[in-house]
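There are 2 protein chains.
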Amino acid sequence: MTLWRSLRALQVYGANTDVGKTIVSTILCRSIQRQNQRAAFLKPVSTGDLSEADDGHLRRFGAGTVTRCLYQFDEPVSPHLAVNEDINDDTLLRRISSTLSDWHSTGINLSLVETAGGVHSPGPNGNSQADLYRPLRLPIVLIADSRLGGISSSISAYESLVLRGYDVQSVLLFRDDYYQNHRYLRDYFERKNISLRPLPGPPGREESAARDEENMDRYYEGVARGDDIASLLEEMGEKHKERLERLDGMADRAHELVWYPFTQHQGMTAKDIGVIDSAYGDNFQVYSKSDAQNEQLRPAFDGSASWWTQGLGHGNPDLSLSAAYAAGRYGHVMFAGNVHEPALQLAERLLQTLDNPRLQKVFYTDNGSTGMEVAVKMGLRAASVRYGWDARQDSIQILGLKGSYHGDTMGVMDCSEPSTYNQKVEWYRGRGYWFDFPLVTMVNGVWKVQMGGLGDVLGSDLEFSSLQAVFDLDARVRSEAAQRYREFIHRSIQEQVQRGVKFGALILEPVLLGAGGMLFCDPLFQRCLVDVVRSQPELFHPTAQQSDGWSGLPVIFDEVFTGLHRLGRRTAASFLGVHPDITVNAKLLTGGLVPLCTTLASKEIFDVFSSPEKSDALLHGHSYTAHAVGCQVAVDTLQTMATMERGGFWEAYRRGWQEAGAVDQGQDQIVWSLWSPDLVTDLSRVESVEGIFALGTVLSISLRDAAGGGYTSTAAKGLQQKLSAANVHSRVLGNVLYLMASLTTQPASLRALEDLLRRSLA
Amino acid sequence: MTLWRSLRALQVYGANTDVGKTIVSTILCRSIQRQNQRAAFLKPVSTGDLSEADDGHLRRFGAGTVTRCLYQFDEPVSPHLAVNEDINDDTLLRRISSTLSDWHSTGINLSLVETAGGVHSPGPNGNSQADLYRPLRLPIVLIADSRLGGISSSISAYESLVLRGYDVQSVLLFRDDYYQNHRYLRDYFERKNISLRPLPGPPGREESAARDEENMDRYYEGVARGDDIASLLEEMGEKHKERLERLDGMADRAHELVWYPFTQHQGMTAKDIGVIDSAYGDNFQVYSKSDAQNEQLRPAFDGSASWWTQGLGHGNPDLSLSAAYAAGRYGHVMFAGNVHEPALQLAERLLQTLDNPRLQKVFYTDNGSTGMEVAVKMGLRAASVRYGWDARQDSIQILGLKGSYHGDTMGVMDCSEPSTYNQKVEWYRGRGYWFDFPLVTMVNGVWKVQMGGLGDVLGSDLEFSSLQAVFDLDARVRSEAAQRYREFIHRSIQEQVQRGVKFGALILEPVLLGAGGMLFCDPLFQRCLVDVVRSQPELFHPTAQQSDGWSGLPVIFDEVFTGLHRLGRRTAASFLGVHPDITVNAKLLTGGLVPLCTTLASKEIFDVFSSPEKSDALLHGHSYTAHAVGCQVAVDTLQTMATMERGGFWEAYRRGWQEAGAVDQGQDQIVWSLWSPDLVTDLSRVESVEGIFALGTVLSISLRDAAGGGYTSTAAKGLQQKLSAANVHSRVLGNVLYLMASLTTQPASLRALEDLLRRSLA
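Respectively, the protein sequence lines represent chains A and B. So in the working numbering, spot 326 of the first sequence is number 326, and the numbers just go up one at a time. So in the working numbering, spot 705 of the second sequence is number 705, and the numbers just go up one at a time.
Each hint should be verified, as a subset may be incorrect.
All copies of an identical chain are treated as equivalent in the list; a pair is satisfied when it fits inside any one copy or across any two copies.
What the hints assert, rightly or not - Straight-line Cα separation of at most 20 Å, EDC-like style, residue types lysine to aspartate or glutamate; simulated pairs:
#: 1; residue 1: 448; residue 2: 682
#: 2; residue 1: 289; residue 2: 248
#: 3; residue 1: 192; residue 2: 645
#: 4; residue 1: 402; residue 2: 487
#: 5; residue 1: 722; residue 2: 102
#: 6; residue 1: 717; residue 2: 613
What the hints contain is simulated information worked out from the structure, not anything from laboratory work.
This is chain A alone, in the form it adopts within the complex:
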């Protein structure tokens, strides 16, 4: 939202206060005006005596530079102390953005947005300017410090900017031939490919204001006429041009060089590729070259939470610093036989977070797919050993649900039934039995459990007064429906086993089957499935006994997508009232920053791998197992989530759903979503909507499709296009369009999205 073709908008940061930001700005503006280009200077927030204000200085010496100050306060202290009115950060950013936009439309070529003090000097609301202005991410002119100590403060200021994802374009400072900071810093920044220009220092102050002004004018004229500044301005122009050229070409280059995940490239053109210049909070900044006259970057809401990974916002400076800390303290250190603080802390914190007394051991891998490979290896071994099966002779199978998805490595592909996803994978051999299951959805204002093709055996569809009631499993396990579920499950397993099938593990994605199409399984069905497996172990082996440990089959929960507050709770298992024997977490685990996965298991399963034989061990491990960067970021993510939970960060949403719910169950048991119950109810009544649900951060809308839905359906495309036109980036799964918020998405953003959905579906 801050990039134009004909206007170069830059932000001026100082390495410290009093390093001459305004003087340098004046030099730049004056010089470019000399080249018959037009300059403008914006001081968003100014403090101190008006007669000394920076925009006034620019007006006086800027040779016609347009100037503006958005907020002026008299006291010469940091804005967070001086401000005596309510300045909303978003409003401030919008005003800067619209000022620049106005300037662009009036033909300004260069505009400088000057900050106050140093990079971290607080803005009007007390947060660091480097954070405050980050959504704009203007290229930066850094004014370095030429005084004693200035090498250090300049480099630190630079680092603070870099770790927020800013691009520092040029560095300027006054030449001081005694301290020679400019020499040191020139070499330093040259290594970073950033050019530095030392400038002559301004003249000393004179008693007489007139003389002072005259001196300054002469100074400016001298510097502005110099080759150094002319060449710098030329270079800045070149960089701007190069940036736009690169952005222009990126989609083409990507189309040429990149083999995209999960993408059919035939028919795909460069136009189908989004060029993401940066991202912040919930938004991508997407480049669009369509209209050369307008802004070249537009914010787009990341409505898939970047494939379900985002939780604490893009470009989160705390996570950025966490990652940097771990990188600086360790890099990566090999984990076999060693331990380091981030890995240990993460193990401790995860066990505490998941609060499942069965889980005692933490195994690290890199992503959900590898973590599930490990879970499967654990589960199959435990069952094979207990039941005395020879896996080389017998094919040990998985028990699961249809539409499950556990990743793309071939081992875990085999855990799902044949589908479009694995149809053409040469080595795919589905190894399991997968249940059909009843689905939860709201239809026409009513929460329903739909039996689908299972109506004959499971009875007619169920209706509920609220989503809360659907999850009231303590009551529902005693219902007739539960009885029918259990009988059906028991019978089905028995049939398979009688045919000779040997099952090695039960694998479930609790509550929500994501990649399979955002299928919201009746939690009672999953609960009954676990209950049957555990209470009737003899189903799986004639000698099997019920046990307090794993019983019947090891129960593996794939919470890669559903865990860690994605559905509004720390675990999805808690919705079922079930403690799995093995749990896999990823995605949100690192707050949406880097790949990392954990597979947690019970001591009993761990012990199966313990023997005097090396070959009995779990011989699995990736080189970057428990990499410090991922672990540290995950520790800080879990800590942040815990703080948010304790602090009642989501209280308003919870209350909204509590009021809409009919069941009183005490605080912890509330079923809620960031999406409002009204929205869900209203949309469920829309003609083109087949069904809808919301849970935690997830909103899922099934559109009517005459052809029947499924992964290849195009029914949701129309809605997706409408959202896209309104700068909301969404993903569809067949006839299902889903939107996913972060844990930190602002209520205002959610309201805007809800309005958009209402309009788009009206």
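Put chain B on the given structure of chain A with help from the hints.
Quick look at chain B alone, frame taken from chain A:
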């Protein structure tokens, strides 16, 4: 190397110059002396007038504090300008360390090591103090800046320290009631769990030196007597105790909670777990509580390059900043349908680096195992489509070498022959035919190609005048041995195909088979294997024609371990003179920081997945595909490697091997290692050594084992223990002990390691 039980050694950094570091140090030292504990103050490098020197100030006002200055220069400028003698950074660190050690042994309780200027003020050799002192990684007392602009400079200084992996323990600053920086900063640091103490400012200077001294003395006495300082010192003591207690308990906790990769836990105790407090360059800092009287941290050389990942040193500040930049600019943004600069730049740079005209498309995954899964999916599909095979009916197989290893996900496990690694994996089904092959090794001073069990068909062992000669494939392809290799390969494939085996891909780890036991394959054999597959495609299908694209079988090179300078060249393929159709890179790709993998393929193979059907696409993708942090770090890693290569960074090693080699082949073709040819020759003559080789960063020593070697051999354990006692952390694979350097390992470290090896094997 800087942690003792009874001595708390801290480093004092200033947010800027002139913030009162020495005054605060004096307060702390004086206060602790008041508590009948002993303080010491170390100024490693002092500049400026001796009468104003900081250690002098401490002596005058520190109430008996022991003081020392290591280097004193008169000019009051930054040390890098003042220094007029040669101060080696390592020497400086060693002197600090030994001073602290002396103080520890004389019963000092608190010692402060004071820096000069701000955190990045240059040390005597011009590099930032924050970098210079990083190997010590002392806990930090940060003196914040109470002046206007001080909020910013204090936070930036803090961030610069954090991104180098320092722990800031306390923050102190002078109270200024006008600017109130202490309030803002107290809240800021409270959120980081760091306590901040504001102190009353020192008295103004007086004309009379005696009065001045009296004032200061009164000032110090007042502050030192205050509760604030007493409680801070108590808190510092607590933190020191907690740190030691945590370190004491970490191995136990890890033993309790962590399920280690590739580890048989039976018989393992907490004592077997290395507690890694931090890492820098080539060294871990390992905690050892064995002897409470001595230093608690000892450096240990990371001799496995942390499972083959390290290339640019642990805790590399440039990579740390790269990671932070990408995290700050993007976090992670979903890659399907989008592109961002780091991912595109990496694709461009990789294609350029690998310089293989066949490769045109880049697919991203998270680690070598997932990247190989993708490669296998690509290869099998291409072959099945070309040869019209129905993979659901036919079992398509891999052609490879015995001892290959491609990762731990079950799909790629199936690409290796049955072995200890996969023996107990329930779903493992080896799908392939794997050749035995001749091995390269130096025995008793002579480079040999040993035919092993293949002597009957491949002829007798070969001898070479140099390692260079082994790799002279242009000559060797015309040899009789090559003819025998090709005949053997052709015959073996023909036999398999005649038995009905369908092959879908040839997979090789070029030159060196790592996980299989550091097996150095005769490059001529691998070259012949590729040549036979490509030149005689009719072997694999009766209608197959030779082609300029992939011919016979898609050739997949697994360069996860061997690529990107691990063996001294950008690609291992270049040793064979072969351009694979698919190449997989990981490990060194990110300079040893975070997981990331690339699978590069030809356009022809990419096109096989192109169709109007979504289901024909390569439906593979992990959530963090092409995560910005990994891609950015990889871009900067490749850039650094290219700069090193161009700059002749390894020239001395290359020359050493060139002199030892007998074949003149022009610069680019030199076969060389960081390990010296003399070492290899000398150790090859040692009785207990069966064979040895070195290539690039890898040194591999096979020890004689009466029982025959293999993964379960214990022959190398003795040598491993000797190295361990000398603080070298190494890994063994059966009877093979290998050491792996980084690309940046210093010659002095290598010499020390070589000496140690000579002594240990003598």
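Structure-inconsistent hints, enumerated in ascending order: Going through the list in order, the structure violates hint 5 alone and respects the others.
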